[in-house]
Amino acid sequence: MTRLILSTSNIMTGGPSIIRKPGADRSNLELTNSLRSNFLAAQQDYSPAGGSKANSPTNYDEEESVSRPSPSVWTTRENSNFYIPTIDWSLSGLSEEPSQYDITVKLFYLPGVDVADRAQHTKDAIALVLKELRVPSIDLLIVSFPGMSFEGDCEWDADKKNASQGDDKQEIKSWSIVEDLYDQGLVKKLGLAEFGSEKLSRFLDKVRIPPKVDQVNIKDCCNVPPPLLQLAKRQQIELLVHNDCTNILPSGTLRELLGQGVRGAGVLSESKRGIDGMKGELTPEWVVKYTAVVRDRGVIENKGYFAVADLKE
Amino acid sequence: MGLLALGTPLDWPDAKHNANHVREWGVKQLLSVWNRAKGKERDALLWGDEIEYLVVNFKEQEPNVTLSLRQADILTALAQDDKLCHDGGCVPELQDVGGSLPIFHPEFGRFMLEATPGQPWGIGFKDLLDVEKDMKLRRRIAKEHMNPEEYPITLTTYPRLGSPGIFTSPYYPPSGEKLRSQFVPDEIANPHIRFPTLAANIRSRRGRKVQVNVPVYRDTNTSWPWKDPTVNYDLTKWPEDADVRNGAAPDNFIHMDAMAFGMGSCCLQITFQAKSIAEGRRMYDQLSPLGPILLALTAATPIYKGFLADTDVRWNQISAAVDDRTPEELGEEPLRNNRWRIPKSRYAANSTYISNDPRLRKEYMDPDLIVDADVKQQLMDGGMDSLLATHFAHLFIRDPIVIFAEDLKELDLSKSDHFENLQSTNWQHIRFKPPPTGSDIGWRVEFRPMEIQITDFENAAFSVFIVLITRAILSFDLNFYIPVTKTDENMETAHRRDAVLNDKFYFRKNPFPTRAPRPYSANGRSTPTGTSTPSVLSRPPTPTGPVEDEYALMGIDEIMNGSKDGSNNEFPGLIPIVESYLDSMNVDVETRCELTAYLNLIRKRSDGTLWTAARWIRSYVRGHEEYKHDSVVSEKINHDLIGAVIDMEGKGEWNIRDAGKLLGKGFSPCKEGIMALARPPIVDQTSSGP
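Protein sequences, first through last, are from chains A and B.
Under UniProt numbering, the first residue of the first sequence carries the number 1, and numbering increases by one thereafter.
Under UniProt numbering, the first residue of the second sequence carries the number 1, and numbering increases by one thereafter.
Everything labelled a hint here was simulated from the structure, so no lab data went into it.
30 Å max Cα-Cα, derived DSS-like pairs, lysine-lysine:
1) B:K604 / B:K564
2) A:K173 / A:K131
3) A:K160 / A:K233
4) B:K178 / B:K409
5) B:K40 / B:K126
6) B:K661 / B:K504
7) B:K59 / B:K628
8) B:K133 / A:K233
9) A:K188 / B:K126
10) B:K126 / A:K233
11) A:K161 / A:K189
12) A:K189 / A:K206
13) B:K136 / A:K233
14) B:K133 / A:K212
15) B:K126 / A:K212
16) B:K126 / A:K189
The shape of chain B in the complex, shown without the other chains:
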């Protein structure tokens, strides 16, 4: 993979001078892919999930928990495990083709691991049952290749990343040349040259360090206005040390200053293969409005740098952590050297819709979309339609950040590295992925907004839910279109503390298709001319009314579980839609049982019966005996929290405070039920369990 290819990376001013070169070749490669694969049809549904882990050093008796920076050693151990490799599972380059054991990948953070299933999943319902088992297997294999005190955990962020003191093993002092962060060392990033270059060039392009500011949670003893006590205003080692003296760290915000604070987050991402480019474009559009809803539902990020935050999710922090826009692009200075003002970071919610769906109204599009007109023209000259050309021309407004000198020598149209350079550093909440070169893989769509969950049960539940909702969208021909800028607003809303309970999101009121009249019937022959008297027999309304009438503000409960009596809306609910899909499929009892457990988890998270991980973590901290209600998550609290998180997947959740509120009483009761039934009849029918 390009990720691991070695080469000579260009530093920022050099990379900038070659940006047009990369864009030009990227356009040519994209057109080559497009021409080759636009007619690809009838690809099966294949899908995969990605689980990202933090690796921590944890001992029950030692108060200090640290992040393990042994990513490379752990990956090597995984690669060298002969038996495992023989069975097909290890790091990609050593992996036998067709293996079905999990695959492990490096990530930006040197304390992170990513694991994917060895083979993509299909839509066979048995496959859906294997997802959770496979996730557990991945966790187990990862653990087996670590030191005894190391654990892979699935928290979105490490609560004390960047806190004063020691939070990595081994320890490195902060303020290195690449990141120039006053909180984290350069060694926090994967040492592969790509990653430090990415961080350094983003900083250089931007002209200062990234600013990741999160509002602090104001507890009863939090001083107010609150000044981040960990910020040092007196450093003079790097020019960027002046940032905080120039207002980078405002009052009442937790201040962070490096890419690691964002790209060190763990996410749950799902990628689908579409039947064809048309279906892929449709999925991209229809999943887009669901993004903020699933972000709020999976909220799991209430702590940064040792302080409780007043938000629940990671999204904006990652967005800020890779925001390479210059002051001109940000609108802080008049445009002189840059081409545009750019309203969003390269990590942000989607700005485009791309489907040829006739229901896509022009009113849904972003009226202020920035596109590179030249790129768009080149794509259209190459035969691409305007809608898709606009999408890619929007992605191409960015500069490539990491360029390897060796790649600039010759254009290779059998590869897509230059295209991918831009595509893969446009981190939008839905990604439309052309088929990779040299393989039979089809058009894919990646669903990226979800936060990683603490347990594999939850991660499987959300993964499977997303798969099922895509099937329901295609089967029922659902329509979730709202103006794309409303999705931006929804993404902001999703950040609010307990947004899942308290906030409302713009959502389409009627997701169903308008019935088309029978062809050849009196009313199907031609479009009626003139006005017809409204009557019970009039045709269903065609979608030409005001766009504002098509959507309403709804809570997560209403969107997921359906409108209640007394609501102004009649929204059926995403979960009933999925259940109706399942009702029409042949599903065996065991599978349905497990799916019911997953849907129940999501149903109850939506109606507030169960808590999000963000709420559980916040409550855990606030209920800790050492917590002083001053927003500070101390080392001891952090230690116990991490211990609880480890136990949740290890020893079981039985003794963990409020675990039931996170996972529900009968934490996957069905499987136990089914297994119990599968055993020979129990001797004593009346015995009751704990």
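Looking at chain A on its own, in the form it has when it is part of the complex:
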């Protein structure tokens, strides 16, 4: 079993991949575009100077039209961890001391993953972010459970539909994982994503440490369903806006990102003759997004993603 650790590095200075197209609704384009451009950047940076076709390995796949350096040049394998691309931890950290920042982390539990693994996944995700930003703790952790949405023609509708989505029992159970992080002081504030009024009130009845934030994606943010607005006000939960999709990294998307296609990274083989390529069943497990904002200046200094997938070779 191999754990693929995909990373974007800091996407704030990554150019157009982070800019929303006008009218674009929720999407995972920011994640996929910035992963892709970080792969490409790493391939360029870690190739021998003046890297050109002559230095690249020849690839025999017929569909292949792009030459790229061998994955071993720009990725790193450490035991069962496979970093795509290589992370140079000496470059991590923020420019000022941690107290100057508001650090928000959003953890996406992905569908089809054993919920029993969530404790480990959560621990891993937070550890990676703390290491990347070199901070002792984060200010807000938002968890996103699979199968949730806030969709419908009208927001009342969306709120009702939301009531029967997800899996209350598992969500409540998983919450104790982040409550532990809170107890340890690693996280100062907890939050949820896409909880409508009914789900949220059921949730509040069952958990020890209530969320302080509920992040919702509403087409027109002026039309918050009144029951949710009232509940949030009563419970002093901040309703924040977001633009992410819940299933942020479907396995097909991941396969394309890593595959041999023109827009792929060339890590994953799709034919038997792939060189340096890996084969096997690929399961995206979780994605974490982190944002470090200089508190009193409103400047986003660092934002990025880690995505982890399990590869059964």
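Go by the hints and put chain B onto chain A.
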């Protein structure tokens, strides 16, 4: 403040003899500030807006509207309001420190008021929500301290300023000693000695009256060639009365002849505190190319002196109204007594870039920049770097206009009055402001090109937009550099009628930073030598190509909303950039809702769905029953226009012609939505509003 300090002002020839004295001391004070504050770091983002009002006398039933000259009385009333002062809001000297109620200030025009928030805003998103409320509060407080028929309105200019007849209360005849204007009386200016001296010394230095000429709008019944019918060619009271006989009033232009026609304009200005001098210098540079774009977008000035103009904005009129250049400096006569020919008025677009940003290419600089070489040398000898020294040495090519005899006795390095004398009379579209002495305030940048908007909703929208774009510039490390002379051209373009719809502006095609290779990686170790074969894996282009390839002509819609399919450019658009910034921040639904309303207003102004104030006013006049399509804005039309403007912020815009085209259908629909939702559930869900 220096503004209100009293003293003995020097008349022009005397002031001129002391100009070098002031400049020398100004340089010393600047160096003192610079040495003290150059290491200032980690200042928070604080920012403030300034709203300027005209005060009009308006009665529904009386056809004649006038400007109220009661500025001093109104300010006194504000100052004397005990309760208000107790809460912290009134004129500055009586104000408790730390008050949060608005502060009112005098302005050049005696019919003007300026109001600022009682405390600077931060970047907390809740603060952004308070901006519009505070603007409304300011308007309300101002109104409460006026006579019942007086109203503070936010038009850039008073449409019939300088028209024949009575346009002030009380009435004064024109042609006073200070302004020598044949259209406006000296009493139009704030009577504080600083202001008449400023106007008189500009006129004296220049050697004639200022000439503010605006092309007239040629309507179907406008006689052509058009001669300004209000110009009197026969006056002989002052030597300057000969100006119009010597060609000061060309055909087809509305002719104006006094500082009041420019400095009597209202603007919307935003000042930011930067984290450090480096960040301030960066903001100064990056905001500069945005200036003309925001000028065109906020266009609100289609009428002068009772005539429709063929331009939409105030900028060039202010520029001309304070243009103190002599015929030699203007290039009309050979240089004998003056040191340089100077291409621009002291009120003009920026001529410098000042950031240490490696992306600042020398090709962007103005090749013909005039600097005072001695001043530059003194600044560099004092330790200032060449780039910044050049900037200030450029500002110091001007003479100080108002000098108080008392200030020349002793140099006080704990003050910056001499420096500020020059700095504050260099009215450029972006101003770089060193920290004031005796306070903890940091390096600041002022964004000055925007025109005031009729409603506080619009003023808040543009203020907040500018704040957000600065945050996006810093967060995404954006690069808007174009040659600074292109910004001059853009400022001219912004004047054209409906420039927002029809004209194109030079703008940088790719605002994103070039990615730096990872240090310690194969390609990050050293700069590659020799040529590498271009391939998909080559490094991103380093900024060494022709500068001309970096920018293109784009319309406001493309710059604000992004390139459409089929455009040659792939510009992402300033509004999508701001939205992407917001997407990465924790913003609550209510705030996002309000911000969306603001961004929608600007988006729709940019794509033409909504009108600029200039277009709305022009259309209002042209659609008025009394308008004869001869470019004349009569007293009756003016009356109704002012009434509509008052109603827009007062009774509401419902009955005003085309108000929807100015403000959009759901004029701040969100707040109503949110408020409705915040109330207990409505009984009848199906009831529909008007």
